[in-house]
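Engineer: Chains as they are written, first to last, in our numbering: chain D, 97 to 238; chain Z, 97 to 238; chain U, 97 to 238; chain E, 97 to 238.
Where hints are given, some of them may not hold.
No copy is singled out in the list; a pair is fine if it fits within one copy or between any two copies.
Unchecked claim - List of simulated lysine-lysine pairs, DSBU-like, C-alpha gap at most 30 Å:
no., residue 1, residue 2
1, Lys210, Lys176
2, Lys220, Lys193
3, Lys219, Lys178
4, Lys178, Lys220
5, Lys220, Lys163
6, Lys163, Lys210
Just so you know, these hints were derived from the structure itself, not from any lab.
There are 4 protein chains.
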Amino acid sequence: MNEFVWPVRVYYEDTDSGGVVYHSNYLNFMERARTEWLRSLQLEQDELINEYGIIFVVRSISIDYLKPALFNDALYVKSKIKKLSRVSLIFEQQIIKQNEQTNEQQLLTQGIVKIACLSITEKKPAAIPQSVYNTFSAQSCK
Amino acid sequence: MNEFVWPVRVYYEDTDSGGVVYHSNYLNFMERARTEWLRSLQLEQDELINEYGIIFVVRSISIDYLKPALFNDALYVKSKIKKLSRVSLIFEQQIIKQNEQTNEQQLLTQGIVKIACLSITEKKPAAIPQSVYNTFSAQSCK
Amino acid sequence: MNEFVWPVRVYYEDTDSGGVVYHSNYLNFMERARTEWLRSLQLEQDELINEYGIIFVVRSISIDYLKPALFNDALYVKSKIKKLSRVSLIFEQQIIKQNEQTNEQQLLTQGIVKIACLSITEKKPAAIPQSVYNTFSAQSCK
Amino acid sequence: MNEFVWPVRVYYEDTDSGGVVYHSNYLNFMERARTEWLRSLQLEQDELINEYGIIFVVRSISIDYLKPALFNDALYVKSKIKKLSRVSLIFEQQIIKQNEQTNEQQLLTQGIVKIACLSITEKKPAAIPQSVYNTFSAQSCK
């Protein structure tokens, strides 16, 4: 199964006064990774809106916070399709911290994210366009 | 079982260019409600740090996005303790939109949030202080 | 001159690992206050879009950070119109911390915010609708 | 004078329901660029805290919003030191959108950001450590 890896650097804006990354910001990191995964497949979300009249939205998330990320940490978001249907897809995503000296990897956060395809006009579930579906399918079957 | 209700107004900062509240910001709304729930019980988080050396952190979240909230919406976050243990508690939280004309309530988002008690020095699981536990227990048993 | 006061509570989401409110979040607090000021005048921004086809956007900000706000602080945003023209208005806004014991007020942050009226279709400067202008003018002259 | 250029991609999290980047988020983009500028000079902010007991904080910002950035835009933040003193430095920063077809550059936002050096213990103005000052000075004089 294909895995897409996207780097994220932690800035002050991401942290809170507990000294760690604020819990909801990991969701932002995961969404950046999904956006860049789409881009890596030559799929731009603004073009999907214009060409097909569809938008991908988050339907549900289940996320575990195992260890905190800190200011200045160099993180990686690993993403792969866990399940693909005609109207939705389920991502498995992990946020990893790689020790810059030892290269050892530590799993900080993991999540299951369900994404639905909606028609932009009616905001109702819509079929993923065939060519897009094929692209996703090629990723999820390898 | 006791339920705590906290109002949240949607501002531009909460929305995204899809025209709806950005998905991770609902987690912020839920945390504001948990903070105000603690405050309503005369528990201030900065005092918990100073007095007991403990901090409450998010361990896991499971969240369903049913309907989107929009700019200017007047929302309510409903929170209750679903489960209480010596070192953690599980909240059930709902984000509700009340129609300002009809008063009809619509469930937009619901989540299960697991919170752990940590010692601030070692960042390891710690027992919830007895008096705090009793206060929580009084809330969860009613 | 009329002054509008809006309370803001500092949550974890607003702070950073320096232990203070992250600098750009004061701008959000100021915008919440301007939104509520409009609402207090029975002007809802979504209705301004629908009725008049106009939107108010931030053109420039000049902000001084004097003292930091901390987690859990109860703040007040004071806002008043400093200057009103046919196509824009300039706000003077202050973020104040009131000591909950002594009631002493401390100025934390102050800003000058220039807001322009734009037509929503062309995104070009537009005249503030007369009735809205009159409402603003009544505020700025008292 | 040396100029440091840092790329920023606009994600949904950065936008608002007006369809553009939310105004305070440009400040975050500018801070990311200053952080990366420091890193490019082998200055890590967490090491500055540990080694010298100093932190750099934002004292004031003056920002003009000329044209909006949109979802998916590929932006560049250009940063240079405008003025350097023993206890503070003033940055001039520009946010640029480069058309991916024509390579034409458009200035979207520009700001003047005053940064002060504080001692982490007393939170009072502190002299920039000599070696750090020399590094900054080498940047500002070229």
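Engineer: The structure should be examined with respect to each hint, and the outcome stated for every one.
Structural biologist: Verification of the supplied hints:
1. Lys210 with Lys176: Result: close both inside a copy and across copies, 12 Å intra and 25 Å inter.
2. Lys220 with Lys193: Only across copies: Lys220 and Lys193 sit 19 Å apart there, 38 Å inside one copy, limit 30 Å.
3. Lys219 with Lys178: within (24 Å within a copy, 33 Å between copies)
4. Lys178 with Lys220: Answer is within; shortest intra-copy Cα gap is 23 Å, inter-copy 32 Å.
5. Lys220 with Lys163: between (37 Å within a copy, 11 Å between copies)
6. Lys163 with Lys210: both (23 Å within a copy, 15 Å between copies)
Going down the numbered hints, you'll see the structure goes against none, and every one checks out.
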